[in-house]
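K.L.:
Position chain B against the provided structure of chain A, taking the given hints into account.
Each chain is listed here by its residues.
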Amino acid sequence: QKEVEQDPGPLSVPEGAIVSLNCTYSNSAFQYFMWYRQYSRKGPELLMYTYSSGNKEDGRFTAQVDKSSKYISLFIRDSQPSDSATYLCAMSGKSGGGADGLTFGKGTHLIIQP
Amino acid sequence: GAVVSQHPSWVICKSGTSVKIECRSLDFQATTMFWYRQFPKQSLMLMATSNEGSKATYEQGVEKDKFLINHASLTLSTLTVTSAHPEDSSFYICSARAGGGGYEQYFGPGTRLTVT
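So the protein sequences, as listed, match chains A and B.
Start counting the first sequence at 1; every next residue gets the next number (the numbering used here).
Start counting the second sequence at 1001; every next residue gets the next number (the numbering used here).
Just to be clear, a hint being listed does not mean it is correct.
A few chain B residues that face chain A, going by a derived Cβ cut-off under 7 Å, partial list only [said to hold, decoys possible]:
| hint | residue |
| --- | --- |
| 1 | Phe1034 |
| 2 | Ser1043 |
| 3 | Thr1049 |
| 4 | Ile1093 |
When the alpha-carbon atoms are kept at most 25 Å apart in a straight line, the in silico DSS-like pairs for lysine-lysine are as follows [claimed, not checked]:
| hint | chain 1 | residue 1 | chain 2 | residue 2 |
| --- | --- | --- | --- | --- |
| 5 | B | Lys1066 | B | Lys1020 |
| 6 | B | Lys1066 | B | Lys1041 |
| 7 | A | Lys42 | B | Lys1041 |
| 8 | A | Lys2 | A | Lys70 |
| 9 | B | Lys1055 | B | Lys1066 |
| 10 | B | Lys1064 | A | Lys2 |
| 11 | A | Lys70 | A | Lys56 |
| 12 | B | Lys1014 | B | Lys1064 |
| 13 | A | Lys2 | B | Lys1041 |
| 14 | B | Lys1020 | A | Lys42 |
| 15 | B | Lys1066 | B | Lys1014 |
| 16 | B | Lys1055 | B | Lys1020 |
| 17 | B | Lys1041 | A | Lys70 |
A few chain B residues that don't get close to chain A, going by computed Cβ distances all over 12 Å [claimed, not checked]:
| hint | residue |
| --- | --- |
| 18 | Lys1014 |
| 19 | Gly1016 |
| 20 | Thr1017 |
| 21 | Lys1020 |
| 22 | Glu1022 |
| 23 | Lys1066 |
| 24 | Ser1073 |
| 25 | Thr1080 |
| 26 | Ser1083 |
| 27 | His1085 |
| 28 | Asp1088 |
| 29 | Val1115 |
| 30 | Thr1116 |
Think of the hints as simulated: they come from the structure by calculation, not from any bench.
All values reported here derive from a predicted model rather than from experimental measurement.
Beta carbons are placed, not taken as given, at the ideal position from N, Cα and C, and that holds for glycine.
Bound-form chain A, shown alone (with noise of 0.2 Å):
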């Protein structure tokens, strides 16, 4: 089992849907979540952190950690064609990512339809 799952996609949505991204993981040690966004042959770019459980809103983004089901959402309102990108999901146990390196998933392609 993986340490980190989550679905490559692709999803596809009409512009202005709400999406929904998720990643399940197995080591409870995971304290701390990320979010990144990742365009063709660029690299990952942070969207959102979270500790621990529990929700974080930053404009059209939120983002979701239920410890107890090992499950992390993010969440995007009013999407946008220029949202179209792969998102990854990463994690770390100890200081968000600083002394630790980052867990990440596989990642999922996003595609908003004009």
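P.N.:
This is chain B only, laid out in the frame that chain A set:
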């Protein structure tokens, strides 16, 4: 924002040769840098963690004698793939973390290595 560059962006080399990839933090000092590898349709996999002025820490299964990492300054880390083989062909991405307890890792644009 914090910018990390990598050079080269892509490289083709012959089997048996060595290739050096540079990772630079352009506008901040990086106390810690990480090297990841990404195969097609796979996750980014952490290869090693390097702190300025000390030896790198390699993840299990990564050969330290094959992937030489040097973090000689607070703005530069290098990864040298020695005696490269076709199975080393991959996308290599570095990330850098500033000091001061910050959590964010800033990623470079990646280097695509093809070994023929």
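K.L.:
For valine 1115(B), which was marked as not at the interface, is the minimum beta-carbon distance to chain A over 12 Å?
P.N.:
19 Å, holds
K.L.:
Are lysine 1041(B) and lysine 70(A) close enough, with their CA atoms no more than 25 Å apart?
P.N.:
23 Å, holds
K.L.:
Run the distance test for lysine 2(A) versus lysine 70(A): straight-line Cα separation, threshold 25 Å.
P.N.:
Between lysine 2(A) and lysine 70(A) the Cα gap is close to 13 Å, so the pair holds against 25 Å.
K.L.:
Taking 12 Å as the cut and beta carbons as the points, is serine 1083(B) off the interface with chain A?
P.N.:
Non-interface label stands for serine 1083(B): nearest chain A Cβ at 25 Å, farther than 12 Å.
K.L.:
Does lysine 1066(B) clear chain A by more than 12 Å, comparing its Cβ with all Cβ atoms of that chain?
P.N.:
Holds, because the least Cβ-Cβ distance between lysine 1066(B) and chain A comes to about 18 Å, which exceeds 12 Å.
K.L.:
Confirm or reject the statement that threonine 1080(B) sits farther than 12 Å, beta carbon to beta carbon, from all of chain A.
P.N.:
19 Å, holds
K.L.:
Given the hint that lysine 1020(B) pairs with lysine 42(A), does the C-alpha gap stay at or below 25 Å?
P.N.:
Given pair lysine 1020(B), lysine 42(A) holds - Cα atoms ~19 Å apart, limit 25 Å.
K.L.:
Report holds or violated for the interface hint on serine 1043(B), using the least CB-CB distance to chain A and a cut-off of 7 Å.
P.N.:
4 Å, holds
K.L.:
Please work out if lysine 1066(B) and lysine 1020(B) have their alpha carbons no farther apart than 25 Å.
P.N.:
With Cα atoms ~12 Å apart, lysine 1066(B) and lysine 1020(B) stay inside 25 Å; holds.
K.L.:
Test the statement that glutamate 1022(B) is away from the interface with chain A: the closest C-beta pair must be farther apart than 12 Å.
P.N.:
14 Å, holds
K.L.:
Regarding the pair lysine 1064(B) and lysine 2(A), is the alpha-carbon distance no greater than 25 Å?
P.N.:
Distance ~24 Å between lysine 1064(B) and lysine 2(A) Cα, so the pair holds.
K.L.:
Within 25 Å, alpha carbon to alpha carbon, are lysine 70(A) and lysine 56(A)?
P.N.:
17 Å, holds
Violated hints are absent here; each numbered hint is respected by the structure.
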